[in-house]
Amino acid sequence: MKKFKWLKPVLIAFTATAVIGLAVVAYLLNMPHRDIQSSQTDYAISANLLVEEFLASSDTAYEKYLDEAGESKILEVEGEVYEISKDFNEQTVVLLKTTDKEAGVSCTFLPSEIDFGQHLKVGQKIKVKGVIRSGANYDADLEMYEHVIMEKCDLVTNI
Amino acid sequence: MKTKSIVLVASFIMLISAAFVSPFEKLVSQKTHISFFSSTPVEDITADNYKATSTLDTSTGDLVFSVPMQSFEFEKALMQKHYNGKDFLDTKSFPKSKFVGKITNLDQVDFTKDGTYEASVSGEMTIKGVTNSVDEKGTILVKGGRVAAESTFDLTLADYGINFKNGKPASNIAKTIEITFKGEY
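For the protein sequence lines, the chains are A and B, in the order given.
Under this note's numbering, the letters of the first sequence match residues 1 to 159, in that order.
Under this note's numbering, the letters of the second sequence match residues 1 to 185, in that order.
Treat the hints loosely; a few may be bogus.
[Claimed, not checked] Partial chain A-side listing against chain B, Cβ under 8 Å, derived:
#1 I36
#2 D42
#3 Y62
#4 E68
#5 G70
#6 F88
#7 N89
#8 T108
#9 P111
#10 G117
#11 R133
#12 S134
#13 L142
#14 E143
#15 M144
#16 E146
[Unchecked claim] Pairs of lysine to any residue, SDA-like flavour, derived with a Cα cap of 20 Å:
#17 B:K98 to B:K168
#18 B:K128 to A:E71
#19 B:K165 to B:V28
#20 B:K98 to A:S58
#21 B:K128 to A:Y62
#22 A:K86 to B:Q30
#23 B:K26 to B:K182
#24 B:K128 to A:N137
#25 B:K168 to A:G21
#26 B:K102 to B:E184
#27 B:K102 to A:D67
#28 B:K137 to B:E124
#29 B:K86 to B:D159
#30 A:K86 to B:V28
#31 B:K98 to A:K121
#32 B:K92 to A:D139
#33 B:K168 to A:L22
#34 B:K81 to A:L29
#35 B:K26 to A:N137
#36 B:K81 to A:S39
#37 B:K81 to A:I114
#38 A:K73 to B:L78
#39 B:K92 to A:L55
#40 B:K168 to A:N30
Calculated from the structure, these hints are not laboratory results.
Quick caveat: nothing in here was measured; it's all calculated off a predicted structure.
Each residue gets a CB set at the ideal place from its N, CA and C atoms; glycine is no exception.
All chains should be built: construct the whole structure from the sequences, respecting the hints.
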């Protein structure tokens, strides 16, 4: 029995490594999605300025705002409510745009107890926090401007 | 004399506005849903995107959609990270995918009459900077002056330079995935 004395620490080390390894794999496979609302805001900007940045130089703006792994910048965008709608997933979509501009920021809201369609009014100034997905540009095939797209949004200012 | 000119101007305005509300116009849809489904014996993967923009010109049959690639949501966060990454869709370098095409059997689709029409669509799909010709079938639904479109088709990832030679992706992601598109114009 004595000659197997070395076996104990080896077994312990092996078991520990296996447990840690399995835990890491389990964590990675079930890693939760990033919680946008409780994460820190990267930039605070007005809707018009954000659109301008993309229209002026789309390459520079994409480099600044988008992330390679899809964990793009979290923004607080201030703007005027232009339109309120619902998407196919029953999520509220608020377009921040002023009437004199062709493009704005389209914000898809997280599910909420608040009925934004009732509480928000066209023309109202609001501040929205969310993650950016793509920028604004004129698309020659669509023959129209595309809005900046933000998702997982919520209101920053009280309503 | 004065009334005559007023009548003339009024009828002219009516004519112009009639031309604008005619059913032959470019429709825009920002209420869309695109999903993809990959099935292998190991696992099934789906992702959903509600932020695509599409236009449909009912007079020419021109059909365009532009898809923000980072808006695809997966059930698992790690999958979403991989999907966005350089080896897969490289969404930072190619933030949008696009389809530019035409309804080729426009004579069989009556946008002024309620009904369900089978549409043949052919055009070019650009994903990750690679463009391929596609010919697919879709359904056009006309109801009370509103137009909706639906289509389900297969897409071969290798056609767009998305290859998995080995490892987990090669066994867990199907070589050909099913795309479903739905839009309300």
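Hints versus structure:
{"no.": "1", "hint": "I36", "result": "violated, 12 Å"}
{"no.": "2", "hint": "D42", "result": "violated, 15 Å"}
{"no.": "3", "hint": "Y62", "result": "holds, 6 Å"}
{"no.": "4", "hint": "E68", "result": "holds, 5 Å"}
{"no.": "5", "hint": "G70", "result": "holds, 3 Å"}
{"no.": "6", "hint": "F88", "result": "holds, 4 Å"}
{"no.": "7", "hint": "N89", "result": "holds, 5 Å"}
{"no.": "8", "hint": "T108", "result": "holds, 7 Å"}
{"no.": "9", "hint": "P111", "result": "violated, 13 Å"}
{"no.": "10", "hint": "G117", "result": "violated, 14 Å"}
{"no.": "11", "hint": "R133", "result": "holds, 4 Å"}
{"no.": "12", "hint": "S134", "result": "holds, 4 Å"}
{"no.": "13", "hint": "L142", "result": "holds, 5 Å"}
{"no.": "14", "hint": "E143", "result": "holds, 7 Å"}
{"no.": "15", "hint": "M144", "result": "holds, 7 Å"}
{"no.": "16", "hint": "E146", "result": "holds, 6 Å"}
{"no.": "17", "hint": "B:K98 to B:K168", "result": "violated, 28 Å"}
{"no.": "18", "hint": "B:K128 to A:E71", "result": "holds, 18 Å"}
{"no.": "19", "hint": "B:K165 to B:V28", "result": "violated, 40 Å"}
{"no.": "20", "hint": "B:K98 to A:S58", "result": "holds, 17 Å"}
{"no.": "21", "hint": "B:K128 to A:Y62", "result": "holds, 15 Å"}
{"no.": "22", "hint": "A:K86 to B:Q30", "result": "holds, 10 Å"}
{"no.": "23", "hint": "B:K26 to B:K182", "result": "holds, 17 Å"}
{"no.": "24", "hint": "B:K128 to A:N137", "result": "holds, 18 Å"}
{"no.": "25", "hint": "B:K168 to A:G21", "result": "holds, 17 Å"}
{"no.": "26", "hint": "B:K102 to B:E184", "result": "holds, 17 Å"}
{"no.": "27", "hint": "B:K102 to A:D67", "result": "violated, 34 Å"}
{"no.": "28", "hint": "B:K137 to B:E124", "result": "holds, 14 Å"}
{"no.": "29", "hint": "B:K86 to B:D159", "result": "holds, 17 Å"}
{"no.": "30", "hint": "A:K86 to B:V28", "result": "holds, 15 Å"}
{"no.": "31", "hint": "B:K98 to A:K121", "result": "violated, 33 Å"}
{"no.": "32", "hint": "B:K92 to A:D139", "result": "holds, 18 Å"}
{"no.": "33", "hint": "B:K168 to A:L22", "result": "holds, 16 Å"}
{"no.": "34", "hint": "B:K81 to A:L29", "result": "holds, 11 Å"}
{"no.": "35", "hint": "B:K26 to A:N137", "result": "holds, 19 Å"}
{"no.": "36", "hint": "B:K81 to A:S39", "result": "holds, 17 Å"}
{"no.": "37", "hint": "B:K81 to A:I114", "result": "violated, 31 Å"}
{"no.": "38", "hint": "A:K73 to B:L78", "result": "holds, 18 Å"}
{"no.": "39", "hint": "B:K92 to A:L55", "result": "holds, 17 Å"}
{"no.": "40", "hint": "B:K168 to A:N30", "result": "holds, 16 Å"}
Violated hints, in rising order: 1, 2, 9, 10, 17, 19, 27, 31, 37; the structure is consistent with all others.
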